[in-house]
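There are 2 protein chains.
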Amino acid sequence: MSQSLDLLVLGNAIVDLIAHAEEDFLVKQGVTKGAMQLVDEPRAENLFEVMGPATVVSGGSGANTAVGAALLGAKTGFVGKVHEDELGRLFSHDLKATGVRFDVPPATEGPTTARCFILVTPDGERTMNTYLGACQGLSPDDVDEATVRSARVTYLEGYLWDPPAAKDAFRKAVKVAHSAGNAVALTLSDAFCVGRYREEFLELIRNGSIDILFANIGELQSLYQTDDPDAAVAALREERGGQGTHLLGLVTRSSQGALVVRGGEVRAVDAFPVREVIDTTGAGDLFAAGFLAGYTRGIDYVSSARLGALAAAEVIEHIGARPQRDLLALAREHKLI
Amino acid sequence: MSQSLDLLVLGNAIVDLIAHAEEDFLVKQGVTKGAMQLVDEPRAENLFEVMGPATVVSGGSGANTAVGAALLGAKTGFVGKVHEDELGRLFSHDLKATGVRFDVPPATEGPTTARCFILVTPDGERTMNTYLGACQGLSPDDVDEATVRSARVTYLEGYLWDPPAAKDAFRKAVKVAHSAGNAVALTLSDAFCVGRYREEFLELIRNGSIDILFANIGELQSLYQTDDPDAAVAALREERGGQGTHLLGLVTRSSQGALVVRGGEVRAVDAFPVREVIDTTGAGDLFAAGFLAGYTRGIDYVSSARLGALAAAEVIEHIGARPQRDLLALAREHKLI
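Taken in sequence, the protein lines are chains V and A.
Note that numbering that gives the first Met the number 0 has the first sequence beginning at 0, numbered continuously upward.
Note that numbering that gives the first Met the number 0 has the second sequence beginning at 0, numbered continuously upward.
There could be a bad hint or two in this list.
If chains are identical, the list can't say which one is meant, so a pair holds when it fits in one copy or spans any two.
What the hints assert, rightly or not - Derived DMTMM-like pairs (lysine to aspartate or glutamate); straight-line CA-CA distance at most 25 Å:
id : residue 1 : residue 2
1  : Lys-74    : Glu-21
2  : Lys-95    : Glu-44
3  : Lys-166   : Asp-122
4  : Lys-27    : Glu-202
These are calculated hints, taken from the structure and not from any lab test.
Predicted, not measured: the structure shown is a model, and the values here were computed from it.
With these hints in hand, go ahead and build the complete structure from the sequences.
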């Protein structure tokens with residue numbers, strides 16, 4: 000993987016098992032609607048037993064972003080850990096079939112490939128239960144320095160803070176990327192994930208580890224511990240204000256579109272209309288994909304954010320977080336590429 | 000499984016791997032568009048390598064019918080063989096989660112669970128490549144006599160003629176069902192499947208093994224070796240004309256709806272309008288599901304065929320051959336149940 004990349008993504012390599020569920024099923028199972036919760040193997044088994052018929056699609060927040068960016072023409076690589084089993088094979092196949100380079104060897108020992116049991120309620124909202132499995136084997140050794148140096152942007156999932164060794168892989172990637180003069184992006188992943196690692200994420204932002212930050216408004220409120228969305232955006236606007244190294248912030252707000260926050264300025268971008276909200280899984284991941292595909296092409300921030308909004312709209316209209324339509328054709332239709 | 004059933008389905012237990020493909024990909028791979036072809040393991044591996052990102056959904060023609068009928072309120076059981084592996088577990092889970100009884104033990108030796116690589120072209124047409132795997136282990140021992148006796152209708156897939164031992168399971172089920180005074184239904188499955196077993200299928204129809212026959216117009220033309228659809232319907236109308244034991248024939252004709260053929264009469268039933276044809280996989284299976292759910296409830300043939308047309312329309316509008324909407328609610332909306 001020595002050829003230069005636009006984007007290198009580090010993330011948890013997860014296969015999604017998606018099932019429809021009624022609201023009262025979530026209550027009965029004691030899961031928090033709209034959140035991602037970590038589950039152990041027995042709990043994963045039990046959830047599978049009681050949930051409805053499943054559709055299996057490769058997922059993982061960062062991997063969804065990698066696929067979206069590749070489909071929009073960005074040269075993209077992925078770093079994450081699967082096990083050598085059926086689901087791991089499916090995950091690798093799906094990445095490569097969309098043109099994402101992925102050459103981290105699968106684990107031959109230890110737990111099976113990670114799976115996320117996604118319960119989609121009639122309103123299209125998804126509730127995620129993740130068994131991390133093989134992801135926990137991701138280590139700094141899986142991060143190839145030459146590859147990181149070759150990538151214009153290295154993008155990191157906040158969820159990587161969950162498997163302990165992955166955190167070290169994350170830190171290594173930041174160091175190598177910055178020593179090569181490349182940008183580092185982070186997605187806060189989930190309001191509850193922010194709740195678990197709030198201090199560490201703030202530290203990464205404030206010590207300059209992060210150049211581009213992706214967050215939805217709930218995650219940003221969790222980061223700044225405020226009930227007021229405007230106060231959260233204001234706090235982000237002030238980050239590193241006096242240091243010269245501006246933070247670029249992208250804040251998504253569901254149907255209200257997104258905000259581009261930089262150098263004390265906030266610009267709003269509209270959401271794209273959606274025919275019917277079927278499953279919101281991956282909307283944030285695809286926003287990041289679209290933005291980064293635009294950004295690494297040298298398109299301005301606001302147009303890049305429009306591209307993000309377009310990619311997000313596509314995955315909301317069907318089950319699963321991987322695009323089903325030709326994103327590049329769609330982007331051309333809207334004159335964004 | 001001793002409680003009485005409305006419907007018992009015998010079929011190949013298959014997991015579908017569905018990918019989008021362009022027309023020229025089919026040409027390059029040398030596969031016949033619209034058909035089901037059997038592939039061996041190396042060919043299956045190779046197809047998986049070169050095809051696009053896959054969505055995994057439980058399938059199998061007969062199993063799709065079982066699920067559809069159960070969702071429409073019919074007490075349904077399924078007989079088919081999976082291996083004790085991840086895909087086999089997914090298949091079993093999906094059947095049970097929709098209320099289908101399934102207690103054939105998985106194979107612990109021999110080939111892995113069957114998979115069908117389905118290539119969906121931009122026109123929504125599906126081309127299927129099936130690796131039969133564990134299905135080939137289905138034997139007469141898997142057919143429980145008490146269960147067959149308890150079922151009002153035993154429904155058989157024509158595809159069962161492919162794995163050699165399954166044919167014996169099929170014959171045992173016919174014998175037991177008829178000795179208990181129950182009806183036996185058969186679907187011709189596929190024009191190419193009819194091409195492989197034409198004489199045997201005609202023999203089953205003519206010796207009275209089959210009471211209800213499902214076929215699409217292409218399969219019927221293949222059965223009667225004619226280019227003329229009307230001639231094929233006419234030939235079906237004359238089957239067993241003088242024997243008193245009328246054959247009930249259901250002939251589907253895509254957007255032209257279906258025909259109910261019985262006792263020398265032919266009645267036409269319209270198709271339901273479809274918003275957008277996304278993937279026609281399972282349309283015939285769901286037609287049979289709707290018809291049999293109506294039939295075993297004691298609804299007249301024409302209304303049962305309407306119910307079949309409604310169920311077929313639902314699966315055409317999305318990827319995969321298993322319903323995603325609440326079929327029973329849909330049927331009630333249209334005052335068919």
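Hints, one by one, checked against the model:
{"no.": "1", "hint": "Lys-74 with Glu-21", "result": "between (40 Å within a copy, 23 Å between copies)"}
{"no.": "2", "hint": "Lys-95 with Glu-44", "result": "between (29 Å within a copy, 15 Å between copies)"}
{"no.": "3", "hint": "Lys-166 with Asp-122", "result": "neither (34 Å within a copy, 46 Å between copies)"}
{"no.": "4", "hint": "Lys-27 with Glu-202", "result": "neither (38 Å within a copy, 53 Å between copies)"}
Going down the numbered hints, you'll see the structure goes against 3 and 4, while the others check out.
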